[in-house]
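Build the full structure now, drawing on both the sequences and the hints.
Going by the numbering used here, the letters in the sequence shown line up with residues 1 to 128, in that order.
Among these hints, one or two may not hold up.
[Stated by the list, open to error] With a cut-off of at most 25 Å between alpha-carbon atoms, the simulated SDA-like pairs for lysine to any residue come out as follows:
(1) K55 - T74
(2) K118 - E106
(3) K80 - L53
(4) K55 - R65
(5) K80 - L98
Bear in mind the hints are in silico, worked out from the structure with no lab data behind them.
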Amino acid sequence: MPQDIAPISEAESHVMDVLWQRAPQSSEDIVAALLRPTGWHEKTIRTLINRLLGKGAIRAERDGRRYLYSPVLTREDWQKQESRSLLDRVFGGRVAPLLAHFSRHEKLSASDIAELRKLVDTIEKKGR
1 MPQDIAPISE AESHVMDVLW QRAPQSSEDI VAALLRPTGW HEKTIRTLIN RLLGKGAIRA
61 ERDGRRYLYS PVLTREDWQK QESRSLLDRV FGGRVAPLLA HFSRHEKLSA SDIAELRKLV
121 DTIEKKGR
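Structure representation (structure tokens):
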């Protein structure tokens, strides 16, 4: 993730999700996409857009009398930031305790387990 982008809040991530799905979009488009599912007021959504602009997570380009917004922060970079934060805060920066937690408290499907085995095999091959 670009170093100069501050962490994205949960509320801001809803705006980002709209833009990751389709960009560029006007503020009216973003508001329309979020009003019903979130129940937020239009002003709240516009405030989130402005926060994201201030953080450098999105950019605005003038299109006549309006602005069109596009993400600067990619979903992949955001996921890296969020997963690293979770690992550091909750599991001391280690992946094994996270997986152990899920194996004890969540149901892992056979396909989840197969995918995890494949990932471990790939990691072991890279390490050799």
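Given the hinted pair K55 and T74, is their alpha-carbon gap at most 25 Å?
Holds, at about 14 Å.
Quickly compare the C-alpha distance for K80 and L98 to 25 Å and report which way the hint goes.
Status holds; Cα separation ~15 Å.
25 Å Cα cutoff - pair K55, R65:
holds (24 Å)
Decide if the proposed pair is consistent with the structure: K118 and E106, CA atoms, cutoff 25 Å inclusive.
holds (20 Å)
Take the C-alpha atoms of K80 and L53, compute the straight-line distance between them, and say whether it is at most 25 Å.
Distance of about 20 Å is within 25 Å: holds.
Of the hints listed earlier, there is not a single one the structure fails to meet.
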